[in-house]
Amino acid sequence: MRYHRQLRSLAVLCAAGLLLTACGGGRGGGDAGGQDPGITESEVKLGGSYPLSGPASAYATIAQATQACFEQVNAEGGVRMGDGVTRNINFIVYDDGYEPARMLENTRRLVEQDRVFALFDTLGTPTNSAIVDYVNERQVPHLYLATGASKWGSNTEEWPMTIGWQPAYSLESAIYAEYLKRERPGARVAVLYQNDDFGKDYLNGFKQAIEGSGIQIVAEETYQVTDPSVDSQVVNLSRSNADVFFNITTPKFAAQAIARKAEIGWDAMHLLNSVSTSVGSVMEPAGAEASQGIISAEYIKDPSDPRVQDDPAMQEYKAAAEQYGDFNIENEYGTFGFAVCNTMVKTLEQTEEPTREALMEAVRSIDAENPLLIDGIRVKTGEGDGFPIESMQLQRFEGERWVPFSDVISRYEGNTPAGGGE
Amino acid sequence: MKKLTLTRGGTAHRTIMLVTVLVLVAVALYLPHYYAPYRVFQFTEVLVFAIAVLSLNLLTGYTGQISLGHSFFFAIGAYTTAVMFRDLDVAFVIPFVVAFVVAFVVGFLIGIPALRLSGVYLALVTIALAVITPPLLTRFEGLTGGSQGINIDTPTAPAWSGLADDQWLYYICLVVAAVVFLLARNLVRGGVGLSMTAVRDNELAARTMGVNPAVPKTRTFAYSAGFAGVAGALYTLVVGLVAPGSFTIILAINLLVGTVVGGMATIAGAVFGAAFIGFVPVYTSGINPALGGVIYGAVVILIMFVMPGGVMGLARRIRGWLVTLEEPADRRRASGTGQTETAGSLPAARAGAVDGGTEQSGTTDPGTAQDDRPGEQTTTGDRREN
Amino acid sequence: MSLLIQQVIGGIAIGSIYASLALAIVLIHRSTGVVNIAQGEMAMFSTYVAWQLTAWGWPIWGAILAAVGLSLLGGMLIERVAIRPVEGASHLTVLIVTIGLLLIFNQAAGWIWSFLVKDFPSPFPGGVWALGQVRLSASTIGVLVVLLASMGLLYLLFQYTKVGLAMRAVATNPESAKLVGIRVGRILMLGWGLAAALGALSGVMVAPQLFLTPNLMFSVLIYAIAAAALGGLDSPGGAVIGGLVVGVSENLAATYIDFIGSDLKVLVPFVIIIAVLMVKPTGLFGQREVARA
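Here the protein sequences line up with chains A, B and C, keeping their order.
For reference, each letter of the first sequence is one residue, going 4 to 425 in the numbering used here.
For reference, each letter of the second sequence is one residue, going 1334 to 1719 in the numbering used here.
For reference, each letter of the third sequence is one residue, going -12 to 280 in the numbering used here.
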């Protein structure tokens, strides 16, 4: 009897639903043909999504920095784009807490509601993976992502609207591999890596680069971002008979691994990924003594490095960050934000028409200086080259700072090696 | 203002209920035609989380078993669906059914040892489920796609429907949610539900009435896990990507917050709870990005202060100010205590029949038995009895 | 062999860290009947307070003592402001309030001190003893000593003081406690204050080894909860043994069982706990709850 009643009400509901569906419509109209959204005679609207809250909030500084940088650009009159019109940049930022679902939600909000011209500097590999199909389907430019996964640059056919910015993790791994081939042709390598796509991209890139050489990986240990410590992993690696330690970790774990390696007296050569080379938040906490001799690769100037204090670009950055920003100017994410913002501005300057198509043309053929990058490194893309930055410089930690010991390595310009994934 | 007096289950009461439900359903059906696609997408997400919150509420609200590990079952459903879409050419409905069955079975298996643990200990142990979910998903790379996860194409609306993709997806979720909510409602209002609450409120008394606590508890655990799996299946369709980082303990905590904010031991509360965890963090981080989490935390605490019974508790209070609900004459006699029922006064005949799992829908309308007892009231009552 | 010893030492070191937070969880559970999910975040916040004081030039032990004292007051304040209004509500309501506290403390710390890694000075001398390949650092021993001392104090508090007795009474039955003249409100405040102070002590022991970030204690909390559940939520000694078992067992499993490895090692302590709780549902040293109708 009860079921009968429920069935009946369900039928009524379905009928009502059909009626409503039939008379639907009436929500926001379609595009006003021709004109791409998000760009007017006076303004370009860009959208970004960052983890402003939650466990990955350290990256929120990048959002603050890019916003400060655009504010400076606007205060100085805006960007004179390739079509001769000067426009202000309106950069809208939302919080995704590093969750893919919220990133997708933000992206839809930016694209469908705020109607941005392009997405810019969206952060994180898993988060960007959640939106890459959506934005390419919608033909929304998806520019200069803050993630070093190689797939953003190597899939230009499938994802023509998407492009990364920083050197790919796999490129950095290849640089270390080349260095080992030269210095330690028979190296036995122990690897500690974060158990996610960030860590695996580095590891796979490294494995590919050492193929056919005398270098071998003799031990691998992983950690979860939720682990309290990597002490046990470092101890295990130290017993593996390896003479090189490749440390693929985020800052907190990098500091732990450096300190622990010194404490247990493991004297293998130490390669540290560029993600965790901040002097202030990795090397100093881990201890200057424990950090001596660590080798890493870098592409961007370090605001806490005393040697670049007289660098005009660095001084300009610090003045602008002081004036427009609300973050610690010695934070390396600050320079990162200003540097990627600089590339965006350069791209807009080379955009010949106020259309997304023209913007993508500019993106795909950019060749620009970037004063916050290490001298000699250019931002350059081209036919079949989806990687804007492809050069790095090797450096060693000596005393209390990083000292470069190689020229800028540009042998990978135009052919970043593929990493893992896709 | 004169208070309205209604007889529970009487014609007037029924009509009001029916009209309310019809209006709500009409609104739910009309939403995607009124709002922009992005909003529709948000509502779709809320529907997904409503199912997940409901699944947890079944367990926590109706049997008092606190789980901080429901992200695990959610992930099982999500991955089951993603793997099926990737590897098999399956019809639309099948993934939901399979996701439900897989999560149900896993939930049942976990529910058995969970029986041994009471309250706080169970909550603490279920954290383990939430914690191991991401590393497990990363480990079995061949099946799960490892740290990259699995990308699937989100469904597109068929031409005959005349709908946009976002509307189509919304209606899929709405239909699945409606089915799950009806199933859950029948579950808690049927014999199983009575034995569930009886066990929650007073296990010893329930035992003496012939309810073996193990039966409703494991069964609820299984259903709860199964529904969480269905929510996960929908999540896969909506987001189009499953990756280990999406199923962390933060999700499990959010679901628990949604359960309590919506209102314990209520079916409809799940919608409000899901809306809360879906909209409020977005809103608070819009107020001040740097302090969004602080404001959100403060809002959660304030809600516990001013409406410990959650949204549904508040709704009941408001209804209490407007309307007096009388028990029908025959019920008053049967329960002996008049206005309110407590588990202890459960009619023995009904509780006894419960164990076998048969429903006695013909004799009394079980739909009304628990309506007036928000979870936290009974629990405090319990404490005082000790 | 030296690897085994080294991993056991490492397990004890990390286990003492879990145990020290587990003690705070046990204290608050035993004195107020609540499991405080925000315990770790409160400890993290206290640690930042101590860090701030050292950054202002305070000597390390002075900063620690001041932070512990401030945490005592802070914990009492939190009880009064955030927990008292839901007193008598279900455990779940209180649990949700502590989740709210967790969110607040985590982001407030990030807002005040940024999310970057900070170096927290060790209160112990920096020596490392080497015996063959085995290394043992002074700080490992220091943490263990502080842990055992706080466990002893806690035991004395509960077993031999009037306050401790009152706490037990309040946790078991607030109504009867009130009837026999115990000022329940004050005892609850004191319970929260002491737990916060103990948490602060845990935080400053942890921070030099794990490095200070706003997420310092969340992962520790999960293991501390495991430790407390294993030892029994009422027993300080149980929490310490639980912490050490968890720390050592996960290290050994990660090292010697290939299938587990370092990525699934978190599985191990929980499997042990589930096994123990199957046999003893209130943990190794927990008191059996007597069910009454």
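Hints were generated in silico from the structure; no laboratory data involved.
Some clues are possibly wrong.
Stated by the list, open to error - Listed next, the in silico SDA-like pairs over lysine to any residue satisfying Cα-Cα at most 20 Å (straight line):
id, chain 1, residue 1, chain 2, residue 2
1, A, Lys48, B, Pro1546
2, C, Lys267, B, Pro1546
3, C, Lys267, B, Val1453
Said to hold, decoys possible - Here are some chain A residues pointing at chain C (derived, C-beta under 7 Å):
id, residue
4, Pro231
5, Gln236
6, Asn239
7, Ser243
8, Thr253
9, Pro254
10, Lys255
11, Glu266
12, Ala293
13, Gly385
14, Glu386
To be verified - Footprint (simulated), chain A over chain B, 3 or more residues, beta carbon under 8 Å:
id, segment
15, 1572 to 1578
16, 1620 to 1628
Yeah, the Cβ is synthetic: ideal placement off N, Cα and C, and Gly gets one too.
Distance restraint between lysine 267 of chain C and proline 1546 of chain B, which requires alpha-carbon spacing of 20 Å or less: holds, 19 Å
Interface hint for proline 254 of chain A, Cβ within 7 Å of any Cβ on chain C: holds, 5 Å
Given pair status - proline 1546 of chain B, lysine 48 of chain A, alpha carbons within 20 Å: Violated, at roughly 60 Å.
Coverage criterion applied to the segment 1572 to 1578 of chain B (partner chain A; beta-carbon cut 8 Å; 3 residues): holds (count 6)
Minimum beta-carbon distance criterion (7 Å), glutamine 236 of chain A to chain C: With Cβ-Cβ at 5 Å, under 7 Å, it holds.
Restraint satisfaction for serine 243 of chain A [CB to CB of chain C, less than 7 Å]: Not OK, violated: serine 243 of chain A not within 7 Å of chain C, min 10 Å.
Per-residue hint verdict: glutamate 386 of chain A, partner chain C, C-beta under 7 Å: violated, 40 Å
Assertion that chain A covers the segment 1620 to 1628 of chain B - criterion: three or more residues, beta-carbon distance below 8 Å: holds (count 4)
Chain C contact restraint on alanine 293 of chain A - CB to CB distance below 7 Å: violated, 11 Å
Interface restraint verdict for asparagine 239 of chain A against chain C (beta-carbon cut-off 7 Å): holds, 6 Å
Given hint glutamate 266 of chain A near chain C, where the shortest CB pair must fall under 7 Å: Holds - the Cβ of glutamate 266 of chain A comes within 7 Å of chain C, reaching about 6 Å at its closest.
Distance restraint between lysine 267 of chain C and valine 1453 of chain B, which requires alpha-carbon spacing of 20 Å or less: holds, 14 Å
The structure shown violates the earlier hints numbered 1, 7, 8, 12, 13 and 14.
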